[in-house]
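**Q** Spelled out, the chains give:
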Amino acid sequence: MGIVRVDPSAGCFLVRPAGDARKSSLATRLNRPEVSGSQLASSNVSSSQPVGGNRLMKYGGMFASDPEWSAVEAAIKANREDEW
Amino acid sequence: MNGELRYLLDTDTASNFLGRLPSFPQLKAAMDSQPDGAVGVSITVAEEMLKGQIKNTQQATRPAAMLKFYRFLQGTLSFLQDMEIVPFDQAAASEYEAFGGATGVGSWDRRNAAIAKAHGLIVVTANSRDYDRLPDVWHVNWCTAQETNS
Chain B
1 MGIVRVDPSA GCFLVRPAGD ARKSSLATRL NRPEVSGSQL ASSNVSSSQP
51 VGGNRLMKYG GMFASDPEWS AVEAAIKANR EDEW
Chain U
85 MNGELRYLLD TDTASNFLGR LPSFPQLKAA MDSQPDGAVG VSITVAEEML
135 KGQIKNTQQA TRPAAMLKFY RFLQGTLSFL QDMEIVPFDQ AAASEYEAFG
185 GATGVGSWDR RNAAIAKAHG LIVVTANSRD YDRLPDVWHV NWCTAQETNS
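Quick mapping for you: the protein sequence lines, in order, are chains B and U.
For the first sequence, my numbering assigns the number 1 to the initial residue and increments by one for each residue that follows.
For the second sequence, my numbering assigns the number 85 to the initial residue and increments by one for each residue that follows.
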């Protein structure tokens, strides 16, 4: 069982794998204190909250109206299956 | 780039971001809350995304399909060019070797995890089941509201 931490910038949970020897360095870098379950529940970001934005957002959903995007997903999946 | 690179998008999440964002409001909120430069991809995820797209362009026989798939490829290239692409370097190769081959996790995920681990980055993935099997790899799921470690 790993340790679950909240990732407030993302509004969801960050999973630290069990036995992570680098806890201190990465935890410090992330500045993510462990929180209680109730804090976790209240920290989730909803899509209606104000957000900062960044330049990648202009690509967000750029192909969402195109049903043929599923063909891209299928091709990626097929390539993965070839891996095995 | 204004922010320090912190997150690496896995292929599934990058694909959802480009093609299915309205279905993942949590992903939209998480991405939108990051400063420029905080989110990137590994070279292996870039490779995997481009391989899938190129497979479609190669197999297209109708002009309408070519038009579609080249538009996807062009957009994906622009997306990748606008973020940091983290290399599979010697440190990543060492991490990959340390994982070994008996993890039950596919090579693509192990490569991506090795890069993340070597560079102290967090993988953003919906595939927590496989990443849980790899030691000391931090990961988070932005495609659902909550994530637990099985």
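For the record, the hints were derived by calculation from the structure and aren't laboratory data.
Note that this is a predicted model, so its numbers are computed, not measured.
Do not rely on the hints blindly, as some may be mistaken.
As the list claims (entries may be wrong) - To be clear about the criterion: a stretch of chain U counts as covered by chain B if any three or more of its residues have a C-beta under 8 Å from a C-beta of chain B, and this derived list gives those stretches: (1) 98-104; (2) 137-143; (3) 159-169; (4) 176-184.
Claimed, not checked - In silico EDC-like pairs for lysine to aspartate or glutamate, Cα to Cα no more than 16 Å straight-line: (5) Lys135/U to Asp66/B; (6) Lys152/U to Asp82/B; (7) Lys135/U to Asp96/U; (8) Lys135/U to Glu81/B; (9) Lys152/U to Glu81/B.
For every residue, glycine included, the Cβ atom is placed at its ideal position computed from N, Cα and C.
**Q** Residue count check for the segment 137-143 of chain U against chain B: does it reach three with CB-CB under 8 Å?
**A** holds (count 3)
**Q** Under the criterion that the straight-line Cα-Cα distance not exceed 16 Å, is the pair lysine 135/U, aspartate 96/U satisfied?
**A** Roughly 14 Å separates the two Cα atoms, so the pair holds.
**Q** Next pair to validate is lysine 152/U with glutamate 81/B; report whether the Cα-Cα distance is within 16 Å.
**A** violated, 24 Å
**Q** For the segment 159-169 of chain U, do at least 3 residues have a Cβ located nearer than 8 Å to some Cβ of chain B?
**A** holds (count 5)
**Q** Given that the segment 98-104 of chain U was listed as covered by chain B, double-check it with a C-beta distance under 8 Å for 3 or more residues.
**A** holds (count 5)
**Q** With the threshold set at 16 Å, check whether the alpha-carbon distance from lysine 135/U to glutamate 81/B stays at or below it.
**A** Distance of about 13 Å is within 16 Å: holds.
**Q** Given the proposed pairing of lysine 152/U with aspartate 82/B, does the C-alpha separation stay at or below 16 Å?
**A** violated, 24 Å
**Q** Between the segment 176-184 of chain U and chain B, are there enough contacts, at least three residues with CB-CB distance under 8 Å, for the coverage claim to hold?
**A** Violated, because only 0 residues of the segment 176-184 of chain U bring their Cβ atoms closer than 8 Å to Cβ atoms of chain B.
**Q** Please verify whether lysine 135/U and aspartate 66/B have alpha carbons no more than 16 Å apart.
**A** With Cα atoms ~20 Å apart, lysine 135/U and aspartate 66/B exceed 16 Å; violated.
When each numbered hint is compared with the structure, violations occur for hints 4, 5, 6, 9.
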